[in-house]
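Trainee: Each chain, letter by letter, is given below.
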Amino acid sequence: MNIPKHTPEIFTILSRGNFISSNGSMGKLFDIINHEENFSILKEFFSHTGFFLERGHNYFYFSQQDETNTIMEKKLEQFAYYIDVMDFFSSMDTKPAVGTRYRVTQIAEECYTNERLKQKLFALSRREKMTDKVGEIAGDMTDGGFFEQEDEDTFKVMDAIHYLEEVISLITIEDDGEQADS
Amino acid sequence: MKHNLGIRDLVNLLYQNKDVVEMLFGHKDSLNKSELLAREDMTDEKLEKLVLYELIHENNNIISLDDRIVTFIEEFLEIGEVTTSFINDNIQSLGENLKYYRIDNNPRFLRNIKRSLKKINSTTSREVMKLHKNIDDTYKNQSNYVIKLQELDKYKRKRDDIIALIKESEQIISDAQGFFSTIIDAELSSIVLDLRYTLVRNRDYLNEIQSQIIDYINKIQHQAEIYKKIQRLKELKDYEELKYKTNFVDVVAGTKALLFHKRVVLKSRLSLDFLHSDHGYMLTQKVASRLHLLRNHNRKPAGKLASGFDDTHREESASLNIAGLIDKFMEADTDLFQFILHYKFPDKVGELPLEKRISLYVGISIDYDARLAISGKFGSMDFINDRKQKQRVGYAIILPKPEKAK
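Residue numbers (our numbering), protein chains in the order written: chain A, 1 to 182; chain B, 1001 to 1406.
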């Protein structure tokens, strides 16, 4: 078994709960994992550590099987927050699709003119300045690995956003006559 | 009025204004006249000259490059919109020249045939490349998804057009195959062979592109649905119905990604073997200097100690001959306090401070009280202490006991 040279680096990133997306600064590592047999080699290799290497659409991440109730609560809370944030971004003219670049000042600008967005933003962050509010939630998405900061003002949407989309599409809504499930 | 330009003049003019041309090409339609004139290399006369030769146009203070130049650059750099007209034109001209050559075996027509074949080859490849580039670009960079969908749909149609043109070219070539073989021309057969190969390759390529476009379109449509769903979920969440009307809890419970787990930072200890290595030494030096542990880095080991260096630190009491002091006091004509205060101790002991003298006075009055006569009277003394404050100390007057009493 020929384990790739960058395995420690890959492990460090993934074991922190981060994603490795093809369209971000870790694109090189993505290519390494994606290269020929490497994915199955690494999956087998990491499985001995209790982490499972998983492949999404143009991204990789670790999963872990066992969990406790406290984690469960935190997960629900966290995911509820992501729904809020995703709702905010998908209410904008520019949708959070892979490769989309958001500029903090531009979002803040849009919030000034769009009352609905503004309310959503105010519910999400208690920071004082509009740009700080936007910066905070964009930062949260970056911590989650769904965005990546390119410069002070610019955030790029990573392939890992598909992970959130996947989970969202798994949720089924009871038919209450308002909207059919997708 | 129109001025005619030769190739030389045109190329020269473009070269002289290369920066402006580059800038205008980059900005397309959005460059202001004042912005352009603000450039150091641009003057009113130069601008007028360019307008005169129709290299640039001015409209409502907006300056733009002439379309022919834009097209030329795009063509050459293989960027810009995908167009099928070039392929189409060449196919038309190929058909015509084949017809003419059949009528009249003029080498001029053969030359035209060869040129058309070559051009079909190059334009087809170029347009297919552009198509692929544009599709990728649209999917990745067009932020408005409605426009994105429509653009992709447009490219899907263009792709169908190109496929049709490829088929047409193949048809013409295979129809003319018999005719080509009657012409003895090595170059012609290699051109035809090359073109056939290119057409087949591009058809395969286009099939790949087709599946990619469909994939992209599906993804975008899927995404549009996701956005709608997110907003619906958010609505439910705001009504506190998320947990009851959806399987949110189950789905989230099913997500195994490490992201949602408590993050444990893995800690490890430094390897001792590593610290002993050269690299480890360098590293410890670096850390030490950062922590300012090496301030006395150049401190040398102390030299040999002078013998008897510790004599000066001996207890003073040891060098004081108390008994001798008492004997001297017995012969003195003063009280104990004044005696001790003014007694000149030997050099070896050095100058004793006031406190030391007072404690000596107290010590002696206790240890040798049998030889002392405590008068029961008090004296007092003023002095200035270390902090420049006036102080007064009171003391019992102690006199030597007359010898006869002993």
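Since the hints were made in silico from the structure, they are not lab data.
We treat Cβ as the ideally placed atom computed from N, Cα and C, and that holds for glycine.
Fair warning: there could be bad hints in the mix.
[Stated by the list, open to error] Taking CB as the label site, the calculated pair distances span: (1) HIS1057/B x LYS5/A: 26 to 36 Å; (2) SER63/A x ARG1039/B: 29 to 39 Å; (3) ASP93/A x SER1085/B: 29 to 39 Å; (4) LYS43/A x ARG1039/B: 39 to 49 Å; (5) PHE1072/B x ASP93/A: 28 to 38 Å; (6) ASP153/A x ASN1207/B: 39 to 49 Å; (7) GLU1075/B x ARG127/A: 31 to 41 Å.
Trainee: Would you list, in rising numerical order, the hints stated earlier that this structure does not obey?
Mentor: 1, 2, 4, 7
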